[in-house]
Amino acid sequence: MEEDLEPRYVISVAARMAGCHAQTLRYYEKVGLIQPSRSQGNIRLYSMRDIDFIRLAKSLMEDLGVNLAGVEVLLRLRQRMAEMEIQMRQMEEEIRQLRAVQREL
Numbered sequence: 007m008e009e010d011l012e013p014r015y016v017i018s019v020a021a022r023m024a025g026c027h028a029q030t031l032r033y034y035e036k037v038g039l040i041q042p043s044r045s046q047g048n049i050r051l052y053s054m055r056d057i058d059f060i061r062l063a064k065s066l067m068e069d070l071g072v073n074l075a076g077v078e079v080l081l082r083l084r085q086r087m088a089e090m091e092i093q094m095r096q097m098e099e100e101i102r103q104l105r106a107v108q109r110e111l
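So for the sequence shown, the numbering used here puts the first residue at 7; every next one is plus one.
Hints are not guaranteed to be accurate.
[As the list claims (entries may be wrong)] Here are the computed lysine to aspartate or glutamate pairs in the DMTMM-like style, where the Cα-Cα straight-line distance is at most 25 Å:
1. 64 with 99
2. 64 with 100
3. 64 with 98
4. 36 with 12
5. 64 with 12
6. 64 with 78
7. 64 with 35
8. 36 with 58
9. 36 with 78
[Unchecked claim] Derived Cβ-Cβ restraints for the label pairs, each shown as a range:
10. 109 with 72: 24 to 34 Å
11. 106 with 72: 41 to 51 Å
12. 23 with 72: 35 to 45 Å
13. 106 with 62: 18 to 28 Å
14. 64 with 95: 23 to 33 Å
15. 64 with 99: 34 to 44 Å
16. 58 with 98: 32 to 42 Å
17. 89 with 43: 16 to 26 Å
18. 99 with 27: 22 to 32 Å
19. 44 with 104: 13 to 23 Å
Because the hints were derived from the structure by calculation, they are not lab data. For each residue, glycine too, the CB sits at the ideal point set by N, CA and C.
Using the sequences and the hints, build the whole thing.
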């Protein structure tokens with residue numbers, strides 16, 4: 007629900023914010039690197055998360071010489087790590103709750 011309230015930017019604005027061309031964003035979408043949301047009129051809408059993702063990809067390619075396939079692998083790993091961190095926090099909370107129950111017994 008929070009994400010629904012997040013600002014969205016059309017492709018020209020998102021490209022300017024990310025420091026690249028709109029065609030680059032279309033290409034990244036075509037190869038599956040990003041998936042912007044769409045308006046009812048089918049206009050691409052980019053979130054700040056999308057723009058940050060694009061900036062990181064651009065930095066990896068320009069500053070470190072990573073190719074697009076490498077960027078995709080690195081960014082997918084980053085996403086998986088974030089998911090695992092969420093799972094770990096959930097498990098830690100479950101452990102705390104179980105220990106509290108154990109103390110009561």
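Pairwise hint evaluation, residue 12 against residue 64, where the allowed Cα distance is 25 Å at most: holds (23 Å)
Taking the beta carbons of residue 44 and residue 104, is their distance inside 13 to 23 Å? 44 Å Cβ-Cβ, so the 13 to 23 Å window is violated.
Just to be careful, I want the Cα atoms of residue 64 and residue 35 compared with a cutoff of 25 Å; is the pair within it? Since the Cα atoms of residue 64 and residue 35 sit roughly 14 Å apart, the hinted pair holds (cutoff 25 Å).
Determine whether the Cβ-Cβ distance between residue 64 and residue 95 falls within the hinted range of 23 to 33 Å. holds (30 Å)
Next pair to validate is residue 64 with residue 98; report whether the Cα-Cα distance is within 25 Å. violated (35 Å)
Do the alpha carbons of residue 64 and residue 78 lie within 25 Å of each other, as the hint requires? Given pair residue 64, residue 78 holds - Cα atoms ~11 Å apart, limit 25 Å.
Given the hint that residue 64 pairs with residue 100, test it: the Cα-Cα distance must not exceed 25 Å. Violated: residue 64 and residue 100 sit about 39 Å apart, past 25 Å.
Assessment of proposed distance window 22 to 32 Å (beta carbons of residue 99, residue 27): This hint is violated: roughly 44 Å between Cβ atoms.
Within 41 to 51 Å: is that where the Cβ-Cβ distance between residue 106 and residue 72 falls? Between residue 106 and residue 72, where Cβ atoms are some 46 Å apart, the hint holds.
CA of residue 36 to CA of residue 12, is that 25 Å or under? holds (24 Å)
Can you let me know if the beta-carbon spacing of residue 89 and residue 43 is within 16 to 26 Å? holds (20 Å)
Using the C-beta atoms of residue 106 and residue 62, is the stated range 18 to 28 Å upheld? Roughly 40 Å apart at Cβ, these two residues miss the hinted range, so it is violated.
Taken one by one, the earlier hints fail for this structure at numbers 1, 2, 3, 10, 12, 13, 16, 18, 19, listed in ascending order.
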